[in-house]
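Student: Next come the chains, spelled out residue by residue.
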Amino acid sequence: MKKVLMGNHAAALAAKLARVQVAVGYPITPQTQAYEMLAEMKAKGEFPGEFIAAESEHSVMAAILGAATAGARTFTATSSQGLAYMHELLHWVAGSRLPAVMVDVNRALAAPWNLWTDQSDSLSQRDTGWMQFYCSTNQEVLDTVLMSYKIAERVMLPAMVVLDGFTLSHSYEPVDVPEQSEVDAFLPPYKPEVVLDYKNPVGFGALVGPKEYLRLRRRMAADMAEAESVIEEVGREFGAAFGRRYGQLDAYRCADARTILVTSGAVGSTARAAVDALREQGLKAGNLRMRSFRPFPAKALREFVRPGMRLAVVDRNYSPGAGGIWAQEIKAALYPRSRASVHGYVAGLGGGDITVELLQEVWKRVDSANASVPVAETWVEDAR
Amino acid sequence: MPLLDDDARSLPRVILSTRRMSENKTGNWRTMRPVIDRHICTGCQICWKYCPEACVKLTDKVPAIDMDFCKGCGICVEECPKRCVSFVPEASV
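Chains as they are written, first to last, in the working numbering: chain A, 1 to 384; chain B, 1 to 93.
Because the hints were derived from the structure by calculation, they are not lab data. Ideal placement from N, C-alpha and C gives every residue a C-beta, glycine not left out. Treat the hints loosely; a few may be bogus.
[Said to hold, decoys possible] Cβ pair distances, simulated, as ranges:
1) Trp-29(B) / Arg-217(A): 23 to 31 Å
2) Ala-332(A) / Asp-7(B): 24 to 32 Å
3) Arg-19(B) / Gly-350(A): 48 to 56 Å
Construct the entire structure; sequences and hints are all you get.
Tutor: What follows is the structure in C-alpha cells.
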C-alpha cells in the first residue's frame, strides 16, 4: 500500500516488516523519529519484538551484540555522535560475525555542533567490518533495510543502511509499503548456526593468538568479497518480488556519456535532474550513484568505466589531509589500468545544499578540464 | 611463504571455546607466587574473601591457593592481617 512517509518512519516500518526480534535505541537528532515510532508501535502492541531503551549508544550496540549472539534479528538507528560513540562495539559486532542491521542518518560530526547531513559519521566507520549501503529515496530506505537482513544473514556480516539527515529523514515521500506476507516470502526467519544457549554452553569472544586472528580476518575478507555478488543477487530477487531492482551501482543515462557525475545518497536524485538539464543543452551527461561503500564495488566499477571517461566525484564528506573519501576509494579501485580520470569535488559539508545548478557547474568544469592532470580535491559551494 | 588465499572460505568465521574453565588453566603467566606460613596463619579467611580469582580454597584451617588459577596479583599478601603470606618469585620456586 502506498503511504506518504518520512525516511525515519520508512526505516522503522521496515524493521517491523522484517520481524525484528530485538530493537534497541537511544535518541539523537536527526534519527529520533525512527526510535520514537518503534517505541510507539511497541506501546500499541503493533511491534511484537522486544524494545530496549538504552542509556547510551555504546549500550545500544552492546545490547545488540548480546541479542544477536542469542540468535535474535536486531535493529537500531543512530546518527553522528551516537554512531561515533558506538565505534568500539561496531568492531565487536562485526568481528563476532553477527548479521545486525542498523540505520545511520547522516549528520556532520562535531566540533563545531552541526545537525545537518554530511557523510563524515558513517564513513568514519569504514574499517569496522560493517557493510554500508547509501540510499537516495525513502522507498530505497525501506527496501534496503529489508534487503540488508537477507544479505547480512547470508554472509554473516552486519549492515548499515545510510540515509541523509533531513533531506530524507524528515522529508515526506510516497513509499510503497509491502504487505507482511510479501515480506515474509522474501525474507525467511533468521536461523543462526551457533547461539548463546544455556543447555549447550560455549564461550564467545575468547582470546585468540595471532595465527587465529589473521585467519579470522582472512575469512572476513572472503565473505566481504562474496557480499559483492550477494548484494547483486538479493537486489535481483527483490526486483522479482517487488518490482524494484537494486545493485551496487545505479547508472543513469550513462550509455553514451563521457563525463559522469558520481554521487552517493540523496544527492543522486538531484544529480538525475542535473543530468536531464545538461542533456537538454545537448551535453552527454550521466550520473553514477554508488549504493555500496563496503564492500567497495571495485569490480562493478571497473566493469562500468570505459577508457577516456571522466568521473566528477561529489563528496559530501572530507578526510582531513587526504580529500573526499569516495574520490579516494574510486581512484584506488581504478588504479592503474582503467584509463579514466577521477576529479574530486568536496561540497555540501554540514548540510550545505548541493543544487541542480551546482552539479551542472561541476559537470561542465570536469568536462572541459585537462584529463591528464585531474584535480584531486576542489572545494565548491552553492552561489546562493 | 604460506598463502591464505586458496580456499579462504573454508577458514572459520568465529572461534568458540567449548571447554569448561576448570579445564582451561589460566595460572601460567604468574611471575610471583603467594606462600602461606602455616605456623602464623590463624584461618581468618580474609585471603579467601579478597581473592579476585576465587582460587583460595577453605578445605583446611589453613587455606590452600590453587596455583592452576592464581595470577600472582598479591592482594592476599597485602590483605593478610598477620602478614603471613610471603610473595616469592616463581623462578625461585
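Student: It remains to establish, for every hint, whether it holds in the given structure.
Tutor: Do the hints match the structure? See the list:
no.	hint	verdict
1	Trp-29(B) / Arg-217(A): 23 to 31 Å	holds, 25 Å
2	Ala-332(A) / Asp-7(B): 24 to 32 Å	holds, 26 Å
3	Arg-19(B) / Gly-350(A): 48 to 56 Å	holds, 52 Å
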